[in-house]
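Use the sequences and the hints to build the structure in full.
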Amino acid sequence: MDAVLQALADESRRTVLEILRDHPASAGELAAALPIARPGVSRHLRVLREAGLVDVRQDAQRRIYTLRPEALVEVDEWLGPYRRLWESRLDALHTEIARGKKARR
Numbered sequence: 001m002d003a004v005l006q007a008l009a010d011e012s013r014r015t016v017l018e019i020l021r022d023h024p025a026s027a028g029e030l031a032a033a034l035p036i037a038r039p040g041v042s043r044h045l046r047v048l049r050e051a052g053l054v055d056v057r058q059d060a061q062r063r064i065y066t067l068r069p070e071a072l073v074e075v076d077e078w079l080g081p082y083r084r085l086w087e088s089r090l091d092a093l094h095t096e097i098a099r100g101k102k103a104r105r
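Number 15 in full-length UniProt numbering belongs to position 15 of the sequence shown; there are no gaps in the numbering.
Hints were generated in silico from the structure; no laboratory data involved.
No experiment lies behind these values; they were computed from the predicted model shown.
Hints may be right or wrong, so weigh each one.
To be verified - Quick list of the computed label-pair ranges, beta carbon to beta carbon:
hint, residue 1, residue 2, range
1, R62, I36, 15 to 23 angstroms
2, I97, T15, 29 to 37 angstroms
3, A33, E87, 32 to 40 angstroms
4, K102, L79, 20 to 28 angstroms
5, D59, I36, 18 to 26 angstroms
6, D55, R105, 52 to 60 angstroms
7, P35, I97, 20 to 28 angstroms
8, R43, A103, 35 to 43 angstroms
9, R105, D10, 47 to 55 angstroms
10, K102, S42, 57 to 65 angstroms
Here a beta-carbon is modelled for each residue, glycine too, at the ideal position from N, C-alpha and C.
What follows is the structure, given as structure tokens:
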């Protein structure tokens with residue numbers, strides 16, 4: 001999970017994942033979407049590949065990258081208790097707001 005979190009820490013890598021969430025993309029398409037030089041894009045793609053977040057396949061002269069969402073499962077499970085904590089707090093806030101509106105009537 002540490003490799004995934006480290007990979008997610010970079011804004012450019014998160015941008016790549018957002019693009020790949022919608023559709024597979026070539027290295028060139030991904031490079032065009034980022035404000036960095038092509039060698040930097042290649043390094044980011046290598047980090048994402050090594051973290052298990054993307055797969056790559058050769059298509060003639062192009063490399064096509066796809067998202068591997070299963071790599072995020074462990075992070076999602078780790079975040080679960082924090083999500084439940086905030087959901088319960090937001091539910092309590094909603095209840096208090098509803099009580100306040102009722103009391104003003």
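Note whether the CB distance of R105 and D10 lies within 47 to 55 angstroms or breaks it. Cβ of R105 to Cβ of D10: about 51 angstroms, so the range 47 to 55 angstroms holds.
Practice item. For the range 18 to 26 angstroms, tell me whether the beta carbons of D59 and I36 fit it or not. Key: 23 angstroms, holds
_If I claimed the Cβ atoms of A33 and E87 lie 32 to 40 angstroms apart, would that claim hold in this structure?_
33 angstroms, holds
Open item on the list: Does the beta carbon distance between R62 and I36 stay inside 15 to 23 angstroms, or does it fall outside?
Closed with: Given a distance of about 19 angstroms, which is inside 15 to 23 angstroms, the answer is holds.
Holds or violated: the 29 to 37 angstroms window for the beta-carbon distance between I97 and T15?
36 angstroms, holds
(Q) Does the beta carbon distance between P35 and I97 stay inside 20 to 28 angstroms, or does it fall outside? (A) This hint is violated: roughly 42 angstroms between Cβ atoms.
Query raised in the report: At the C-beta level, are R43 and A103 separated by a distance inside 35 to 43 angstroms?
Result: About 58 angstroms separates the Cβ atoms of R43 and A103, which means 35 to 43 angstroms is violated.
### Message
Verify the CB-CB distance for D55 and R105 against the hinted window 52 to 60 angstroms.
### Response
57 angstroms, holds
query: Range hint 57 to 65 angstroms: satisfied by the CB atoms of K102 and S42?
result: 59 angstroms, holds
Against the range 20 to 28 angstroms, how does the distance between the Cβ atoms of K102 and L79 compare: consistent or not? 34 angstroms, violated
Violated hints, listed in ascending order, are 4, 7 and 8; each of the other numbered hints is respected by the structure.
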